[in-house]
Amino acid sequence: MSQVQPECSPSVVPAAHSKEKMPPYTNYHAQRSYPMPDEPFCTELNAEQRALKEKEKGSWTQLTHDEKVALYRLQFHETFAEMNRRSNEWKTVMGCVFFFFGFTALMIWWQRIYVFPKKPVTLTDEWKAQQLQRILDMKGNPVQGLASRWDYEKKEWKK
Amino acid sequence: LSSEIARWGLLAKRLRFHIVGAFAVSLGVAAFLKFAVAKPGKKAYADFYRNYDSMKDFEKMKKAGIFQSAK
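Line by line, the protein sequences are chains R and X. The first sequence begins at -11 in the working numbering and counts up by one. The second sequence begins at 36 in the working numbering and counts up by one.
Because the hints were derived from the structure by calculation, they are not lab data. Treat each hint with caution, since some may be false.
Said to hold, decoys possible - Derived DSSO-like pairs: lysine-lysine, alpha-carbon spacing no greater than 30 Å straight-line:
no., chain 1, residue 1, chain 2, residue 2
1, R, K147, X, K106
2, X, K48, R, K146
3, X, K97, R, K127
4, R, K146, X, K78
5, R, K116, R, K106
6, X, K78, R, K127
7, R, K146, X, K91
8, R, K147, X, K69
9, R, K116, X, K74
10, X, K78, X, K106
11, X, K95, R, K127
12, R, K56, R, K45
13, R, K142, X, K98
14, X, K78, R, K142
15, X, K91, X, K77
16, X, K77, R, K56
17, X, K97, R, K143
18, R, K142, X, K69
19, R, K127, X, K69
20, X, K106, R, K45
21, X, K69, R, K143
22, R, K143, X, K77
23, X, K77, R, K142
24, R, K146, X, K97
25, X, K97, R, K116
Said to hold, decoys possible - Computed from the model, here is a short list of chain X residues facing chain R with C-beta under 8 Å:
no., residue
26, G76
27, Y80
28, D92
29, F93
30, M96
31, A99
32, I101
Even for Gly, the Cβ is constructed at its ideal location relative to N, Cα and C.
For reference, chain X alone in the conformation it holds in the complex (with noise of 0.2 Å):
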């Protein structure tokens, strides 16, 4: 019995499954945070700056009156 036991590669099954899924999964979660977190992220940074006038911004501000050292 133990020698048919020893033919079974029980440890090397278990571990080529899970360094494969390992490897899998990491890539997944990679790639999935790429386009759904990074790309939509930096394409908002692009968006808003692309037409962004600060001094007119700060004038906004400034009406509003946030600043104590510009009235």
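Excised from the complex, chain R in its bound form (with noise of 0.2 Å):
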């Protein structure tokens, strides 16, 4: 992934309509399964910058602090916290699904309607009934399925 390096050199002015020199894309990216790339998050450096990198190959119990923050700043791009900062992504995401659930239940609500068949025989609610009497019938699962939850002396479903 190709990203542009906004901070890197402090002199160069956003360049969309100047006739300054963009600053260069490079294929920097990490993220947290891929934490250090294998170049820099800044590769042009300034005569300032050019310097400090002179002094990072000597003693480090030399730099300053602000030097060592400087030279991870030109190393990468956001600290471990700034990379893993959470977003709000996910709730646009999960508006999406859910619009999308809720259109294909239209969909479907209108297929029902104007584009279906006309149900099987089998599928009337009359037949349905015929059937679910000679279930009970023949007591299927009498012990604790169906027919257990049918009273046969009142003809009725069991509170």
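Hey, can you piece these two chains together into the complex? The hints should help.
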């Protein structure tokens, strides 16, 4: 993934319409699962930054705190905390998911009214009632299942 | 630093937590199933068959007309 380096060379102004050079694109992309890319974030260093890189080649105990932070910022775009910050993207995603659920529901409803053919005779209410009566007569699952929920004396479902 | 990390016993801690937990959860689930599913199920069958008269049941079914070989 290519990224423009906005803060790398602090003297470069956003160069969309000016005659100055654009900051370079790099292949720097860090993510939680790949936190240390091969290339550094800033590849075009000004004189000050180059001097700092030279100093980095010596003993690190000689670097001040600010210099260490500056070197970090040259190498990496964001800290771990910044890189791993949470976002509100999930709300957008869930919203779109539910929206499409609803849209699909409307489509299916329309299809049920205007597209589906007539129900076969075995799915009409009459036929289903006769089927249920036959199952109860046969005492299907009389111990814990369907027929156990039917009251044979009062001819109704048990409460 | 690496010597400090070595003394943390991280894997051992994690394994102990999970092994003990797995035992506890499976025993708990087994107990729950025994008392919520197996016991009532056996009782339901026992109650059903205690005073079950199969001939009377057969006559009722015959009267309802579901048999083809016994009218």
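Hints, one by one, checked against the model:
1. K147(R) / K106(X): violated, 33 Å
2. K48(X) / K146(R): Measuring from Cα to Cα gives roughly 54 Å; hence the hint is violated.
3. K97(X) / K127(R): holds, 12 Å
4. K146(R) / K78(X): Given pair K146(R), K78(X) holds - Cα atoms ~19 Å apart, limit 30 Å.
5. K116(R) / K106(R): The given pair, whose Cα atoms are some 16 Å apart, holds under the 30 Å limit.
6. K78(X) / K127(R): Holds, at roughly 19 Å.
7. K146(R) / K91(X): Cα-Cα ~22 Å, so holds.
8. K147(R) / K69(X): holds, 26 Å
9. K116(R) / K74(X): violated, 34 Å
10. K78(X) / K106(X): violated, 34 Å
11. K95(X) / K127(R): holds, 10 Å
12. K56(R) / K45(R): holds, 12 Å
13. K142(R) / K98(X): holds, 18 Å
14. K78(X) / K142(R): Judged against 30 Å, a Cα distance of about 24 Å means the pair holds.
15. K91(X) / K77(X): Satisfied, since the Cα-Cα distance of roughly 24 Å is no more than 30 Å.
16. K77(X) / K56(R): Cα-Cα ~73 Å, so violated.
17. K97(X) / K143(R): At roughly 18 Å apart (the allowed maximum being 30 Å), K143(R) and K97(X) satisfy the hint.
18. K142(R) / K69(X): Judged against 30 Å, a Cα distance of about 34 Å means the pair is violated.
19. K127(R) / K69(X): It holds: about 27 Å lies between the C-alpha atoms, which stays within 30 Å.
20. K106(X) / K45(R): violated, 103 Å
21. K69(X) / K143(R): With a Cα-Cα distance of about 34 Å, the restraint between K69(X) and K143(R) is violated, given a limit of 30 Å.
22. K143(R) / K77(X): holds, 27 Å
23. K77(X) / K142(R): holds, 27 Å
24. K146(R) / K97(X): OK: K146(R) and K97(X) at ~24 Å, within 30 Å.
25. K97(X) / K116(R): Judged against 30 Å, a Cα distance of about 22 Å means the pair holds.
26. G76: holds, 7 Å
27. Y80: holds, 5 Å
28. D92: Nearest chain R Cβ about 7 Å off; hint holds.
29. F93: violated, 10 Å
30. M96: Constraint on M96(X) satisfied, holds at 6 Å.
31. A99: holds, 4 Å
32. I101: Since chain R brings a Cβ to about 5 Å from I101(X), closer than 8 Å, the hint holds.
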